[in-house]
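What follows is the residue order along each chain.
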Amino acid sequence: MAQPAGSEVRRRFRLRVRGTVQGVGFRPFVYRLARKMRLSGYVLNDSAGVLIEIEGLDADDFSKELRTQAPPLARIDAVDLLELAPVGDNRFEILDSLAGRSATRIGADAAICEECQRELNDPGSRFFGYPFVNCTQCGPRFTITCALPYDRAQTSMASFSMCGACAADYDDPENRRFHAEPIACPDCGPRLSHPVAELAARLEGGAIIALKGVGGFHLLCDARNDAAIDLLRLRKARDQKPFAVMVRDIPAARQIAQLTDAEEELLTSAASPIVLVEALAGQLSNRIAPSLRRIGLILAYAPAHFLLFDELARFSPVYPPALVATSANPRGEPLIADNMDAELRLSAVADLIVTHDRDIIMRADDSVMQVIDGAPAFLRRARGFVPEPIDLGEDGPSVIATGADLKNTLCVTRGSEAFLSQHVGGLDNRETIRFQLEAAVHLCSILDVKLEFAACDLHPDFRSVRMAESFGLPVVRVQHHLAHIAAVAAEHRLAGSVLGLALDGYGFGTDGSSWGGEMLAVERHGWRRLGSLMQLPLPGGDRAAREPWRMGVAALQAAGRIDLALSLVPAHCGMAQLTAMFSRGVRPPVTSSLGRLFDAAAAISGTRLVQTYEGQAAMEFEALVRAPRCLPGGYAIKNGVLDFRPLILRLTETGSGAADAADLFHGTLIAGLAAWAAKGATNLGSQQVALSGGCMTNRVLAAGLAQALRQHGLKPYLPRLAPANDGGVALGQAAYARQVIMNKHASALESPTCA
Amino acid sequence: LSHGAGGRAMRQLIEGIFHEAFDNEWLRAGNDQSAFAVSGGRMVMSTDGYVVSPLFFPGGNIGSLAVHGTINDIAMAAARPLYLSASFIIEEGFPLADLKRIADSMGVASREAAVPIITGDTKVVERGKADGVFISTAGVGRVLDGLDLRADAARPRDAVILSGSIGDHGVAVMSNRENLQFDAAIVSDSAPLHTLVAMMAEAGGRHIRLMRDPTRGGLAATLNEVASQSKVGFHIDEEAIPIKPEVAAVCELLGLDPLNVANEGKLVAVAAPEGAEAILAAMRAHPLGREAALIGHVVADDYCFVQMATSFGGRRVVDWLTGEQLPRIC
Ligand SMILES: [Fe+3]
Ligand SMILES: [Mg+2]
Ligand SMILES: [Zn+2]
Ligand SMILES: [Zn+2]
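Respectively, the protein sequence lines represent chains A and B. One point on numbering: in this note's numbering, the residue at position 182 of the first sequence is 182, and numbering is uninterrupted. One point on numbering: in this note's numbering, the residue at position 271 of the second sequence is 271, and numbering is uninterrupted.
Hints were generated in silico from the structure; no laboratory data involved. Note that the structure is a prediction, hence the values are computed from the model and not measured. One or more of the hints may lead you astray.
As the list claims (entries may be wrong) - Simulated pairs of lysine-lysine, DSBU-like, Cα-Cα distance not exceeding 35 Å:
| # | chain 1 | residue 1 | chain 2 | residue 2 |
| --- | --- | --- | --- | --- |
| 1 | A | Lys715 | A | Lys638 |
| 2 | B | Lys123 | A | Lys236 |
| 3 | B | Lys100 | B | Lys244 |
| 4 | B | Lys100 | A | Lys450 |
| 5 | B | Lys244 | B | Lys231 |
| 6 | A | Lys638 | A | Lys679 |
| 7 | A | Lys236 | B | Lys100 |
| 8 | B | Lys244 | A | Lys241 |
| 9 | A | Lys744 | A | Lys715 |
| 10 | A | Lys744 | A | Lys450 |
| 11 | B | Lys123 | B | Lys100 |
| 12 | A | Lys64 | A | Lys715 |
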């Protein structure tokens with residue numbers, strides 16, 4: 001330290017600490033720090049976070065030490081300092097928590113820490129082999145907590161009374177488990193329904209096991225056993241959608257995938273997400289991710305996972321064990337987290353159902369991420385991240401935004417922060433709709449927030465819109481693509497004019513038409529649509545999204561080569577009717593969607609005509625890319641409209657193959673979008689370009705476009721804290737609605753008329 | 001057709017068309033109203049406005065639709081329709097020949113159903129203030145003895161019966177509007193349902209809780225409406241719902257959900273489970289109920305959801321739509 005050690009004067013300060021500071025070992029850390037610095041005073045949890053008073057000779061250094069040495073799961077947003085008159089106390093104490101309306105929060109669930117892992121494997125430890133070992137640095141939080149304040153009585157650990165040894169650890173400020181609310185040991189804590197050795201033996205024998213974990217049940221099977229995976233696909237009625245694979249650790253991961261440093265860092269983070277990585281050929285069953293190059297990889301994160309992998313390792317000393325680990329959810333419904341539900345609904349899928357008696361209060365899927373342009377990005381944000389806030393930079397009214405109807409998430413704002421819910425799913429079935437309500441109630445309860453406004457989509461028939469209308473709050477409707485862009489602007493706290501490219505599948509436009517490839521100008525006091533992709537016919541609405549051959553025909557029609565339809569897109573029962581429809585002059589609705597243009601290209605190039613899961617055509621098309629290259633003259637820009645018909649025509653020239661088509665398509669898209677954005681940015685007089693929408697989960701496109709924009713002298717911003725797909729829409733709705741309300745644009749609030 | 005001053009002759013011409021088409025003793029009496037005697041019992045009255053485009057479609061036109069629609073609204077109360085009224089808003093310039101076609105088919109529809117149109121009115125409005133012709137019909141009927149159907153009467157475990165294939169009317173109108181051509185002609189199912197209702201009532205009247213004709217918004221809207229009025233849910237089975245293959249093919253091509261497509265000659269009945277078989281049998285003996293099917297049942301559900309077991313397995317919530325069918329997939 002720069003100043004002379006040992007000040008002469010005793011001073012006293014009161015520190016008010018805000019952030020994720022409860023339930024993460026913060027008070028014992030303060031206690032140890034104060035004792036080390038020979039300071040007196042106290043620390044306590046209260047409604048605003050942590051309150052500290054310290055007194056002593058080095059009291060003025062305390063605040064800095066607090067910030068630099070805080071425990072890993074803590075997140076300090078602010079420390080307010082107030083100097084008091086010294087009172088001459090001589091001890092430092094941890095005082096009981098004060099109740100009251102809370103402005104603090106629950107932490108996210110964290111993967112088992114190294115210390116706990118060591119104890120798990122230490123025959124001398126009382127936690128040896130215990131599948132529920134945890135401490136203040138790791139373990140469940142969000143998924144086991146009902147409400148604030150975070151203490152054991154508010155968690156599903158309330159029903160387990162601590163044994164003497166656990167109680168002693170819990171009460172000892174010097175212990176890593178001081179006030180670790182889920183503390184438990186084999187003597188007093190939850191138990192697994194089956195011995196881990198049995199699980200391992202069954203998996204080795206090709207069985208499918210439902211294992212209750214942190215945020216819900218996983219379905220597990222051997223990732224090298226084709227028959228087991230085929231059976232799982234059959235029982236789940238899941239044809240081709242890729243499965244995630246779990247391995248024990250990084251050395252195991254390196255044997256089945258080619259990992260970058262950024263990917264390894266993400267895999268080993270406390271949040272422990274599924275990460276999409278390049279698979280090494282021949283290491284796993286080819287049934288895991290058909291027609292894709294990348295697989296979703298996740299490392300063991302719960303103590304039970306480690307015990308299981310260590311048992312499995314006994315069977316195959318050569319290959320590190322690898323398991324398919326997929327959320328246990330019946331078709332389209334949220335994952336199952338309840339024991340009774342599991343018995344009822346998984347018995348037809350799993351050969352063995354393994355439960356435990358620590359209830360999951362709030363379910364959360366594994367998060368799914370990938371590294372794009374050198375940094376992590378979400379495909380699905382859930383366990384490990386929820387309920388970590390996204391800082392909006394300024395205080396505002398409390399808004400609840402209900403998101404979009406697919407990949408639904410909710411967002412609640414409190415003060416200057418936005419809290420995005422975990423992935424909820426597609427709101428087309430009762431269970432998911434119920435889960436949405438459950439997630440909303442839980443989020444409000446752990447935030448202890450009083451809602452003032454609701455925000456939602458413009459779509460007249462979205463379930464999420466009806467939910468927003470049901471709160472009895474004033475409703476702000478935010479156009480879908482505006483929400484996509486506003487989410488990016490919010491997380492990067494972009495000030496001034498922002499050019500937004502929403503590269504997406506579908507959103508209800510302000511004119512009622514289908515939008516999906518939009519250039520927007522978003523400013524503090526409003527927004528405009530500056531341009532869009534050239535519209536294509538959308539024959540059959542959502543059917544066209546499921547059946548890319550329809551978009552193939554539509555694009556050929558738009559490019560004036562409908563005559564090629566029958567030869568290019570091999571006979572499909574509806575093909576003749578659809579082409580006949582076009583030739584009779586029938587005009588289906590149109591769409592400016594980039595997602596549907598992807599579908600068209602995938603169909604015309606012969607990659608995929610009918611999808612078995614959402615996004616399959618675009619994902620498989622992306623997987624074919626070797627080196628994107630731009631087709632000269634492959635696009636045209638006129639009056640703000642970006643037209644890729646020349647590219648479509650080029651793709652009809654067969655011969656060079658689907659991989660070549662994928663290279664050309666991606667390369668031309670990148671060049672065309674960048675040139676288009678550059679024009680828009682010049683007109684708007686801004687260099688900030690926010691990129692979002694479902695197409696920005698295409699890594700080739702997102703990274704390529706970001707680089708191309710930089711070459712144009714622009715500053716691209718990608719979604720980093722929320723998904724680029726519809727999982728991020730709620731954040732944008734909330735952020736934009738707040739802005740509308742704060743701008744007092746009353747006109748944007750509800751004023752019903754006859755439609 | 002012109003509106004305004006030169007009106008008298010024109011008005012007589014128009015009224016002549018209707019009088020001739022609807023011809024009956026009440027209209028011949030030439031009063032501004034028509035008197036009729038009623039027997040004791042409960043009466044029902046219903047009114048509806050008809051605005052369709054196109055006005056003529058395979059299997060009918062706005063006129064036959066207006067007659068059938070009001071007859072059916074009365075019949076759904078388990079009532080025998082007795083008399084109708086009809087009122088016309090006609091756009092200036094509308095061809096008299098078309099008006100005559102409409103009037104004639106109304107006359108035919110009313111005679112076939114044996115429900116006379118006994119009073120009416122016509123107005124001609126400036127060009128652009130209407131779209132061809134709008135028709136408003138009202139009707140009165142007498143409730144069959146001992147029956148009292150109510151929208152809030154559905155109870156868990158009740159049977160849900162559908163009288164025949166769905167989507168015919170909406171698809172017929174749409175293919176006509178969009179100039180679509182298909183191998184098989186698709187015609188509207190527009191038809192009066194009161195005689196079918198009479199047979200159902202005879203076979204199992206006391207078991208019938210309520211009836212609805214799934215017109216605008218289709219089966220989805222009707223079931224959702226009943227669900228929220230009765231504060232129950234529905235479980236229906238996609239595979240049990242009759243649909244003509246050609247209608248299914250058009251829906252597939254256009255990406256329409258047939259559950260949201262309008263019908264004009266179908267009814268849905270909710271009945272106590274013990275009466276379902278007798279009612280179904282009686283329906284199948286009637287030409288308009290030959291394809292009648294048990295499509296599901298009522299469940300307790302505080303969300304009042306209509307859920308459908310799909311042919312892929314799984315259950316989806318069937319929603320009612322505020323307007324046209326829009327995409328949802330992003
Ligand atoms: Fe979207
Ligand atoms: Mg009606
Ligand atoms: Zn730990
Ligand atoms: Zn214990």
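A quick look at each hint next to the structure:
Among the hinted pairs, lysine 715/A with lysine 638/A is consistent with the structure: their alpha-carbon atoms are about 24 Å apart, no more than 35 Å. Only pairs whose Cα atoms come within 35 Å are accepted, and lysine 123/B paired with lysine 236/A is rejected, the gap being roughly 62 Å. Restraint check for lysine 100/B and lysine 244/B: the C-alpha separation of about 32 Å stays at or below 35 Å, so the hint holds. At most 35 Å may separate the alpha-carbon atoms for a hinted pair to count; lysine 100/B and lysine 450/A exceed this at roughly 64 Å.
A hinted pair counts as satisfied when its Cα atoms are at most 35 Å apart, and lysine 244/B with lysine 231/B qualifies at roughly 32 Å. For the hint linking lysine 638/A to lysine 679/A, the alpha-carbon distance of about 11 Å falls within 35 Å, and the restraint holds. For the hint linking lysine 236/A to lysine 100/B, the alpha-carbon distance of about 60 Å lies beyond 35 Å, and the restraint is violated. Taking the CA atoms of lysine 244/B and lysine 241/A, the gap is about 33 Å. The hint holds against a cut of 35 Å.
In summary, the hint linking lysine 744/A to lysine 715/A is supported, as the alpha carbons are separated by about 30 Å, within the 35 Å threshold. Restraint check: the Cα-Cα separation between lysine 744/A and lysine 450/A comes to about 20 Å, which is no more than 35 Å; the hinted pair holds. For the suggested pair lysine 123/B and lysine 100/B, the alpha carbons sit about 15 Å apart, so the restraint of at most 35 Å is met. Under the criterion of a C-alpha separation no larger than 35 Å, the hint pairing lysine 64/A with lysine 715/A is consistent with the structure, at around 34 Å.
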